[in-house]
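S.K.: Residue numbers (full-length UniProt numbering): 1 to 157.
Accuracy of the hints is not assured; some may be wrong.
As the list claims (entries may be wrong) - Across the chosen pairs, the derived CB separations fall in these ranges:
(1) L90 - Q60: 21 to 27 Å
(2) S118 - N79: 17 to 23 Å
(3) Q17 - Q120: 17 to 23 Å
(4) R151 - T65: 37 to 43 Å
(5) H36 - S118: 31 to 37 Å
(6) R151 - Q66: 26 to 32 Å
It should be emphasised that the hints constitute simulated quantities derived from the structure, not laboratory data. This one's a predicted model, so the numbers in the text were calculated from it and none came from an experiment. Where a beta carbon is used, it is the ideal one built from N, C-alpha and C, also for glycine.
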Amino acid sequence: MRHGEAEPQYLSDSERQLTAAGLAEVSEMAQWLHHHYSAFDQIFSSPYRRTQQTAAVLLQKGLSTQSVTVNTDLVPEGNAQQVVDFLDVLYAENPQAKIILVSHMPLVSFLVEAFTRSGQTPIFDTAGVACLDYQPHKGVLLEYVCPSMIRLVKSVS
1 MRHGEAEPQY LSDSERQLTA AGLAEVSEMA QWLHHHYSAF DQIFSSPYRR
51 TQQTAAVLLQ KGLSTQSVTV NTDLVPEGNA QQVVDFLDVL YAENPQAKII
101 LVSHMPLVSF LVEAFTRSGQ TPIFDTAGVA CLDYQPHKGV LLEYVCPSMI
151 RLVKSVS
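Given the sequences, and given the hints that come with them, work out the whole structure.
M.R.: So this is what it looks like as structure tokens:
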């Protein structure tokens, strides 16, 4: 998952906070995740403030009973292969684990490519979620959803 809309960059990128619209986006996606997927075992987030805020909303909406774990590899310039290696170790211990990663562009795009080996790096809207079925060394993109897609479906219904 990419974090929600954040305030413009002033001094430190790592200290940018979610805007009111960003909080609303994340809340909307948390509700969607809650209705379409069962509870998650773990939430990992980058140490940046906006991803921590995003992960906190996911916890508040009941998507996990565990606290958020910070992973310093989930920063914008992070190395996707290091994240894959980290998750491969977790899945070796618990192959059925359901995990949410909260990160940034461009890393979220590189993660989809690294997990699926599809050769494609999708662009994520703020609060966008790529749902993957992943086993070590083999992943499949099940769906990509973002707040504007949810609103579009609601307006058509």
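S.K.: Run through the hints listed earlier and report the numbers of any the structure violates, in increasing order.
M.R.: Violated: hints 3, 4, 5.
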